[in-house]
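Visitor: Spelled out, the chains give:
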Amino acid sequence: NAGVTQTPKFQVLKTGQSMTLQCAQDMNHNSMYWYRQDPGMGLRLIYYSASEGTTDKGEVPNGYNVSRLNKREFSLRLESAAPSQTSVYFCASSRTRTGENTEAFFGQGTRLTVV
Amino acid sequence: QQQVKQSPQSLIVQKGGISIINCAYENTAFDYFPWYQQFPGKGPALLIAIRPDVSEKKEGRFTISFNKSAKQFSLHIMDSQPGDSATYFCAASILGSARQLTFGSGTQLTVLP
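Read top to bottom, the protein sequences are chains A and B. Start counting the first sequence at 17; every next residue gets the next number (the working numbering). Start counting the second sequence at 128; every next residue gets the next number (the working numbering).
Hint data in this document are derived by calculation from the structure and do not stem from the laboratory. Cβ atoms here follow ideal geometry from the backbone N, Cα and C, with glycine treated the same way. Take these hints with a grain of salt, some might be off.
[Claimed, not checked] Part of the chain B face toward chain A, derived, beta carbon under 10 Å: (1) Gln165; (2) Gly168; (3) Ala218; (4) Ala225; (5) Leu228; (6) Phe230; (7) Gly233.
[What the hints assert, rightly or not] Taking lysine-lysine and the DSBU-like style, the derived pairs with C-alpha atoms no more than 35 Å apart in a straight line are: (8) Lys185(B) to Lys142(B); (9) Lys132(B) to Lys73(A); (10) Lys142(B) to Lys132(B); (11) Lys73(A) to Lys30(A); (12) Lys132(B) to Lys169(B); (13) Lys87(A) to Lys132(B); (14) Lys132(B) to Lys25(A); (15) Lys198(B) to Lys185(B); (16) Lys25(A) to Lys169(B); (17) Lys73(A) to Lys198(B); (18) Lys132(B) to Lys195(B); (19) Lys25(A) to Lys87(A); (20) Lys184(B) to Lys73(A); (21) Lys73(A) to Lys169(B); (22) Lys198(B) to Lys142(B); (23) Lys30(A) to Lys87(A); (24) Lys142(B) to Lys25(A); (25) Lys87(A) to Lys184(B); (26) Lys142(B) to Lys87(A); (27) Lys184(B) to Lys198(B); (28) Lys195(B) to Lys73(A); (29) Lys185(B) to Lys195(B); (30) Lys73(A) to Lys87(A); (31) Lys169(B) to Lys30(A); (32) Lys169(B) to Lys185(B).
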């Protein structure tokens, strides 16, 4: 199984450009997440989707939008990229049910540089 | 405001030694505490996790110790190996509609041969 697949793996953008990061999972998970990883700050939640048709803000949502296209796919869009959005972005998914401990599976990341 | 504080930032251990990484949390509503391991260029992967109704959980060479009253938990890696060299993240979560994780800042572990 591929698990969680992110595209692209690397991207360089100019300030003000827009782009969409794609994420797809093949584990039939109902919940999906976008995190960003910055040195010394761990991973911080940008947006999440508890189930198909719902999305919610995380800790650092400003400058981002998301779309839960279907159960498999969850995209992250930067409308006008800024140097502060230079980071490594991780998509994750989990089979979340109330009362259960369920593992979150992560993709391999997208390394984004905004110049 | 960082809800999960992790230390140390970096750790160097000799092969065969014990690696200890500590985390402290603030939100008493957290009820799931996983540890993730990340190798360079890869995404984090679940290593071991614990619920607050248990004080210790062991899986092979990896042990989580949990102190609910102190709001602290730690990862112990026994007989550390060079292959354990990676970045380790503690995290915390609340049972709810989804499994949103709050991560610590990470510890870069180097195990010398």
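Visitor: Hint by hint, say whether it matches the structure.
Guide: Hint-by-hint comparison with the structure:
1. Gln165: Check passed: Cβ of Gln165(B) comes within 9 Å of chain A, closer than 10 Å.
2. Gly168: It holds, given that the least Cβ distance between Gly168(B) and chain A is near 7 Å, below 10 Å.
3. Ala218: Holds, because the Cβ-Cβ distance from Ala218(B) to chain A comes to roughly 8 Å (cut-off 10 Å).
4. Ala225: 4 Å, holds
5. Leu228: Since chain A brings a Cβ to about 6 Å from Leu228(B), closer than 10 Å, the hint holds.
6. Phe230: 4 Å, holds
7. Gly233: 5 Å, holds
8. Lys185(B) to Lys142(B): 20 Å, holds
9. Lys132(B) to Lys73(A): The given pair, whose Cα atoms are some 22 Å apart, holds under the 35 Å limit.
10. Lys142(B) to Lys132(B): With a Cα-Cα distance of about 27 Å, the restraint between Lys142(B) and Lys132(B) holds, given a limit of 35 Å.
11. Lys73(A) to Lys30(A): Holds, because 25 Å separates the two Cα atoms, which is no more than 35 Å.
12. Lys132(B) to Lys169(B): 23 Å, holds
13. Lys87(A) to Lys132(B): At roughly 33 Å apart (the allowed maximum being 35 Å), Lys132(B) and Lys87(A) satisfy the hint.
14. Lys132(B) to Lys25(A): 29 Å, holds
15. Lys198(B) to Lys185(B): 19 Å, holds
16. Lys25(A) to Lys169(B): 11 Å, holds
17. Lys73(A) to Lys198(B): Since the Cα atoms of Lys73(A) and Lys198(B) sit roughly 26 Å apart, the hinted pair holds (cutoff 35 Å).
18. Lys132(B) to Lys195(B): 15 Å, holds
19. Lys25(A) to Lys87(A): 22 Å, holds
20. Lys184(B) to Lys73(A): 33 Å, holds
21. Lys73(A) to Lys169(B): Holds - the C-alpha atoms of Lys169(B) and Lys73(A) are around 25 Å apart, at most 35 Å.
22. Lys198(B) to Lys142(B): Distance ~30 Å between Lys198(B) and Lys142(B) Cα, so the pair holds.
23. Lys30(A) to Lys87(A): Roughly 32 Å between the alpha carbons, so the hint for Lys30(A) and Lys87(A) holds.
24. Lys142(B) to Lys25(A): Roughly 33 Å between the alpha carbons, so the hint for Lys142(B) and Lys25(A) holds.
25. Lys87(A) to Lys184(B): The given pair, whose Cα atoms are some 34 Å apart, holds under the 35 Å limit.
26. Lys142(B) to Lys87(A): Distance of about 44 Å is beyond 35 Å: violated.
27. Lys184(B) to Lys198(B): 16 Å, holds
28. Lys195(B) to Lys73(A): 29 Å, holds
29. Lys185(B) to Lys195(B): Satisfied, since the Cα-Cα distance of roughly 17 Å is no more than 35 Å.
30. Lys73(A) to Lys87(A): The given pair, whose Cα atoms are some 18 Å apart, holds under the 35 Å limit.
31. Lys169(B) to Lys30(A): 25 Å, holds
32. Lys169(B) to Lys185(B): 25 Å, holds
In terms of the numbered hints stated before, the structure departs from hint 26 and from no other.
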